[in-house]
Amino acid sequence: MEGHQFVPLQLFDSQKESIEDEKKKRKLDLEKSQARLSSRHFVYIMSLPSYLAWPWGPQRGRIPIDKSNSDETNPPEFEAFDVMTPRGPTDEETKAAGLSVLSVDMRVTENKKDHNTDKYKSSSLIVRRNKEFTIIIKLDRAFSKEQDDVQMEFLIGSSPDEIKGTYITVSIGKEKREGTWKGRVVDIQGNDVTVGITPDATCIIGRFRTFVTVVTDLGKQRTQRNPDTDFYVLFNPWDPADQVYMEKEEDRQEYVMNDVGSIYNGEFSNIITRSWNFGQFEEGVLDACLMVMDAGKVPLLYRGNSTEVVRQGSALMNAQDDDGVLVGNWSGDYSAGTAPTAWTGSPEILLKYASEGCVPVCFAQCWVFAGVLNTFVRCLGIPARVITNYCSAHDNTGNLKTDIVLDEDGRVDRSRTRDSVWNYHCWNEVYMKRLDLPEKYSGWQVVDCTPQETSDGLYRCGPTSVNAIKEGELSYPFDAKFVFAELNSDVIYHKSNKYGKTKVIYVDTAYVGKLLVTKKKESSEYEDITATYKYPEGSLKEREVMQMAERRGIPTRDYLPLAEAGVDIELQADTIKMGENFKLTLNIKNQTSQTCTINTVITGCVVYYTGVTSTIFKLENKSATVEASKTESVTIDIKGMEYIPHLVEQSNLLFVVYGYIEETQISLTTMKVITLRPPELTIKMIGTPRVGRELMVSVEFMNPYNFTLQKVQLRLDGPGLIPTKLKEYRSVSSVQTSLALRMLPPSQPRPYRVCTRNRRKRKGFTATSLADLMEQVAGSFSITCQFLTLVVEDDGTVVDTEAFFQSLPANTPFMVLEKGEAWTPSKLVLPSFRQPRRSGIAKLSFDLYKLNPKDFLGCLTIKATLYEIYTLSYDIKCTRAKYFLKSLLQSFLYMAKLAGQVLLRGSTYVLRYIGDEESSS
437 MEGHQFVPLQ LFDSQKESIE DEKKKRKLDL EKSQARLSSR HFVYIMSLPS
487 YLAWPWGPQR GRIPIDKSNS DETNPPEFEA FDVMTPRGPT DEETKAAGLS
537 VLSVDMRVTE NKKDHNTDKY KSSSLIVRRN KEFTIIIKLD RAFSKEQDDV
587 QMEFLIGSSP DEIKGTYITV SIGKEKREGT WKGRVVDIQG NDVTVGITPD
637 ATCIIGRFRT FVTVVTDLGK QRTQRNPDTD FYVLFNPWDP ADQVYMEKEE
687 DRQEYVMNDV GSIYNGEFSN IITRSWNFGQ FEEGVLDACL MVMDAGKVPL
737 LYRGNSTEVV RQGSALMNAQ DDDGVLVGNW SGDYSAGTAP TAWTGSPEIL
787 LKYASEGCVP VCFAQCWVFA GVLNTFVRCL GIPARVITNY CSAHDNTGNL
837 KTDIVLDEDG RVDRSRTRDS VWNYHCWNEV YMKRLDLPEK YSGWQVVDCT
887 PQETSDGLYR CGPTSVNAIK EGELSYPFDA KFVFAELNSD VIYHKSNKYG
937 KTKVIYVDTA YVGKLLVTKK KESSEYEDIT ATYKYPEGSL KEREVMQMAE
987 RRGIPTRDYL PLAEAGVDIE LQADTIKMGE NFKLTLNIKN QTSQTCTINT
1037 VITGCVVYYT GVTSTIFKLE NKSATVEASK TESVTIDIKG MEYIPHLVEQ
1087 SNLLFVVYGY IEETQISLTT MKVITLRPPE LTIKMIGTPR VGRELMVSVE
1137 FMNPYNFTLQ KVQLRLDGPG LIPTKLKEYR SVSSVQTSLA LRMLPPSQPR
1187 PYRVCTRNRR KRKGFTATSL ADLMEQVAGS FSITCQFLTL VVEDDGTVVD
1237 TEAFFQSLPA NTPFMVLEKG EAWTPSKLVL PSFRQPRRSG IAKLSFDLYK
1287 LNPKDFLGCL TIKATLYEIY TLSYDIKCTR AKYFLKSLLQ SFLYMAKLAG
1337 QVLLRGSTYV LRYIGDEESS S
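Here our numbering is used: position 894 in the sequence shown is 1330, and no number is missing along the way.
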């Protein structure tokens, strides 16, 4: 074959002769074909043998695995059936075929509503698996199911392959070809054919390209590549045949369709709610989720299996080993990015990752990882929720033991304590049928994308069955042992002597996994789901589960049983606001039959939420004598000034109590984490909110410290309304403070009528903004001039600001003017169409207020309402003396503009009045 080079091989003479004969035969056939077809003036290329052929082009070497939805290879517009492939048929042959595709209508609005995807802010069609959607194909003549052979082709990726599910054909004409996707002719109206397409229940999820192909004796004639016919296929929790099917509608609405939610922080006796914007329907989020899988090189072949998608997603959410979405940071230094506590939702993170070329976003901790993963899977159609496990063990050795070492004085030895118990840890649950497990282990599955330990070489965890964890069946994939340890580890206290030798003094089997919660359906409250993970502590069933777990590979509890102390110590404290003084109470309960003297050492530490201690701020000794079967209370005073200088993020305090009973020489210990309540934020709207109009939002809070806060950030998120707003303040005083932020919420699309200057062309448009309307008008009227002016058709008032445009009612008639054109009144003026005369020309109002008690004069808002429909407002900020003069000059400029508008409107009415007088005379 000409153009190909072959590697010489050691062949027998007979094989050489056979190869030479085959070459001569092919060359002769080629010459004959060229002679026979030369008069048709086609250009031909040599087709490769079938074993070398690749869709629409040769592929040399190893066939690659397609790992990108965004890359694409498209078929030729004409594909011949013969060995010799022409560029395309002649005009006579096309006419003989007698069928051409004029347009393809994806019926986006109707299909999205039918597929529960109308919330996605995308102009493209989005459908769900195993549910029919309809397409209207406009042909150049009437379609005949008995005579015409038409097929739909759907492609995804750059190496379309029918076997791998990346190249799908659906026949709708005389030739019936069986395939995984179903197609049928729904209706024929003239030259319009409505086709119904049903994607397979196990097909790949992602963005598909659409081609309509007319098949003739010569070959296949396809439509051109058109991005407007692209569509997305998602998982379908509404369909029983889909792997992620969820039976109850209220569950689907909560775990698939709800785009806002709550993630719970704090500690088990003081649960703090953190609102989170999942925002899976926001514009660009779906494309960002697909880009995450492309960046992680997830094979398209895996993207139809929800188990694989979730497992790959748990690795791709963190940047530990594959440049995933988020960089984890627990150091306390976030100067190179955004502090984890500053994030309010997932869209900002995912869109930042996508727009910056898949560069990991800084920074995140467990609840941020869980929130973004929740958005990722819900966006793709998989039911999901965020779980918080309070008192979550991080067992570095995997032996179901969390070791805490105390020094000889009973204080926590930070240098020798390697394990930790997190105040809380967030992960996700996804709902699916596990095709690789027994039926009873389907349902909710744990998946954790916070990078803690590796699984199959990557930092990821899950999915693993919640039911399997509860029953101790830890041999099923994936990572069940790690999750089981987070819930069931024993906290073992060791005490070292002056020589460094340690011994076990106390074992707490009930501290870890105290409470698991998630957001309750149709409520902002939390739901206790602890019973879905574990049986009650100390129950017979709980012991049976532990025995089952040991048979499945969990290490046995090899420590010797300790003597019963007969005395319990319980730490108690009320809910404490940040900066307050409070009392810590030790309730010492003597359950023995003799009086006991208990000596205690109380250590108070500032601690990160991961259980890692930062600074010891309190150390106190207390003794108590407790009579038999009695309870004594000991109180310790904690001053705000003691802990405030040492606080770290999330403001957690850890108190560890070591007790020693003199009579029995038995030790006991306990610990408690106290999460301080942060200042409460109060959000207020200044003024009356109106659609499409600028809105001032005030956020008030009390600074709990006796010093001024520096570099304060205000981050505001309006799910479904506005993108995340960020504003920085240089300092905030130590008194009650009000921070203001302006925002312009998007308006709903409204109808308008627009005509040209001569009023010969008039069309209706639906637009959300002035820029949107101008863009539509220029395209519809084929106007190439870059300088366009929009005026009110009735009186010629120029519409040059967004505020004026939004103040006008729906169905307002406009006129578009090109450069050099001027408005002229209509020659046909009917009295009934005349604008009603308005008695009020302008109404002024003044509002003086202060954002801070230390402001110079405060802020003055001047609002002018013209003719009861057009409102102008201006804020003069006189917070500092040096800005006062500048603001004053700016106000004079606004007043000049206001006077100009009044004169312009007045001259319009004078002109109309003079015209009426002339017409009547």
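One should not assume that every hint holds.
[Claimed, not checked] Simulated pairs of lysine to any residue, SDA-like, Cα-Cα distance not exceeding 25 angstroms:
| no. | residue 1 | residue 2 |
| --- | --- | --- |
| 1 | 1058 | 1002 |
| 2 | 1120 | 1150 |
| 3 | 1108 | 709 |
Derived from the structure by calculation, the hints contain no laboratory data.
Checked hints:
no.: 1; hint: 1058 / 1002; verdict: holds, 19 angstroms
no.: 2; hint: 1120 / 1150; verdict: holds, 14 angstroms
no.: 3; hint: 1108 / 709; verdict: holds, 20 angstroms
Of the numbered hints stated above, none is contradicted by the structure.
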